[in-house]
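Enquirer: Between the sequences and the hints, there should be enough to build the whole structure, so can you do that?
2 protein chains.
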Amino acid sequence: MVSLSDISEICDVSIGTASKALTGKPGVGQSTRERILNVARQYNYRANRMVHAMQSGQSMTIGIACNNCQDPFTGEIVKGMLSALYTAQYDAITISWDLCVESQESVLRTLAERRIDGLLMCPSAKPPSASYLAELNSFHRPIVVVDQEFPGGAYDFVGSDDAEGAFQATEHLIQLGHRRIGALSFLQVSTGRARLAGFQRAMIRHGLAMKERDMPDIQTYESDEASVTAARLLCSGDAPTALVAFNDFFAMQAIAAAHHCGLRIPEDISVIGFADLGYAAYLHPSLTTVAQTPVVIGRRAAELLLGRIEQKKSGENAAAPTPVCERIPVELVVRKSTGPAPTPLP
Amino acid sequence: MVSLSDISEICDVSIGTASKALTGKPGVGQSTRERILNVARQYNYRANRMVHAMQSGQSMTIGIACNNCQDPFTGEIVKGMLSALYTAQYDAITISWDLCVESQESVLRTLAERRIDGLLMCPSAKPPSASYLAELNSFHRPIVVVDQEFPGGAYDFVGSDDAEGAFQATEHLIQLGHRRIGALSFLQVSTGRARLAGFQRAMIRHGLAMKERDMPDIQTYESDEASVTAARLLCSGDAPTALVAFNDFFAMQAIAAAHHCGLRIPEDISVIGFADLGYAAYLHPSLTTVAQTPVVIGRRAAELLLGRIEQKKSGENAAAPTPVCERIPVELVVRKSTGPAPTPLP
DNA sequence: CTGAAAGCGCTTACAG
DNA sequence: CTGAAAGCGCTTACAG
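Taken in order, these protein sequences are the chains called A and B. Counting from 1, one number per residue, gives the positions in the first sequence under this note's numbering. Counting from 1, one number per residue, gives the positions in the second sequence under this note's numbering.
Do not take every clue at face value.
Unchecked claim - Between beta-carbon pairs, the in silico distance windows are:
1. B/His52 with A/Ser138: 17 to 27 Å
2. A/Gln311 with B/Val2: 16 to 26 Å
3. B/Ser106 with A/Ile10: 17 to 27 Å
4. B/Pro151 with A/Ser14: 37 to 47 Å
5. A/Gly57 with B/Thr87: 29 to 39 Å
6. A/Asp238 with B/Lys336: 26 to 36 Å
7. B/Ala154 with A/Met54: 34 to 44 Å
No wet-lab data here; the hints were simulated from the structure. By construction, the Cβ of each residue, glycine as well, lies at the ideal position given by its N, Cα and C atoms.
Expert: Listed below in structure tokens is the structure:
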């Protein structure tokens, strides 16, 4: 890689003059400037950004702490983040949070050493441990937490309106005449708790009874536990007529379980998901679900973070600002997996 | 952020002594060293890695050019990459290749400016344009291309054994008695062409006739074209009894189309996918598919790249080394979407 | 054992 | 218009 001093030598000018010419600063003769520009182009010169980062104290780099890169929902969030960062000329260093945690290492060490200007926390299926919350706390740069809220609410947050989405989903089922509705929950994460709360609000609003056994809490995410649990619930003679699943993945497993038990969907059992992932429309039957907008969430999170960085740079708000909590609206997408409640046998 | 000079001032030692103490170099008194270490810990000092990068000429940073972050297959690949990079103490800068291309900007500019040591190219649903191939060519650092081969085969490559996978899938159907088998192809990408070739090899091996109309080539990826095309093929009175789909996503759409036409799976029509994504096991019926190991692919790609960087650093092979092409084995996973060929009506 | 100085690749006042 | 010098934050020979 050619350096500035290489270029300046070739052009027989001082290193300062070469710098001025290449950065478009005034104070260089027209012909000199052109000569330098040409040589730089010819040698494919690229100024070393790390130098600028050192000099300015801004690395123009954001850390993205990823937990489930393979999760399509997380992937869309990251896509939104990258697009906002790209617009603002920032780059992203992606770390696999779970990997660092596994190896018992300081998660943020490398990000601190690389002087990132801020951190974006992608959702995790596991709640953060106390020691990592402590590490985050001692990280004196802006942090935005995405999708899953952290206990304490100490950080800026962008997520979906989970409670409202589950409320609407449940209302939809109630409108269809369902009276006994179950929930396939995942209460380890904040979105799971919010969605169950939305479910309960709708049930209570209509004075409908809830049974504990209709609301199982799934314990493990990356397994077929949801499928097994749904089968146990649905294949018993005594099952709800509709199920609000924590997300599309659980809903898919519930549908598979229903098929397994010989139940027809939606004639015998209605199922509703959350997320509207790429496959939701192609399940059999196609899935009614609460659509989230992960790309928008990711973009907003990045924009919020960049705003905080800007604030910090300009010295406003020397005191830590009050954390913001932004909830992006969701939308119920009605497809074929929900239908009128079956008429009870006479 | 405290700097080395801050620490050295506090400890009343020279900046060089502080450096030696913190990097564990010899030549510092026991008590002095401890004092410095303590102060550094107390102030949460982190050496600026960018300085080291400048001094050593190695940024310890890899670029990951992502095209479809939201694609779970790509996500798994990235996960594998990150794990290998993490082990080797490298960090990754992720760029969204499609985003850069859209904005007509130089894709690699920012990566060159940040002095990345190598580049990992994630798969894209679109083949690379000539101008971007040219840009890659002028990028004088090791590059490893993943999953999708580039025309010319000029770069190191890690992918799946696509042709073999499709061959095995087709053999499986032939063993089940199927004679007229269709393929839902995607020929814009190299994996699509390789899979079709594997399909054809099996058909030819058994002397089975192939009909052009049974082998439609899907043109658009992110749409329901596969579903529409499959419906047209399957709902006509004159349909194959089995379908080898380019991947799980197309297979899922084919299954939806079959349901739509009132066909039973696998009694009337067998469908087979490629990838074994998370949802494959939960489709109805569960999907027979060729399982790939994207995490392994990603890890191998990163290891290969790191090896090239090592080679380059140690000056071996001053001439560009011959590109390697590594194919990770695949495995047919038989589930419920394939079954014996229907007996023809008498 | 400790410190002063050079140097990594650049930008930016400051002289000429 | 052009160049010499300081400085960003560090490491590493080289003196003392």
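Enquirer: Please list, smallest to largest, the hint numbers that this structure does not respect.
Expert: Result: no hint breaks.
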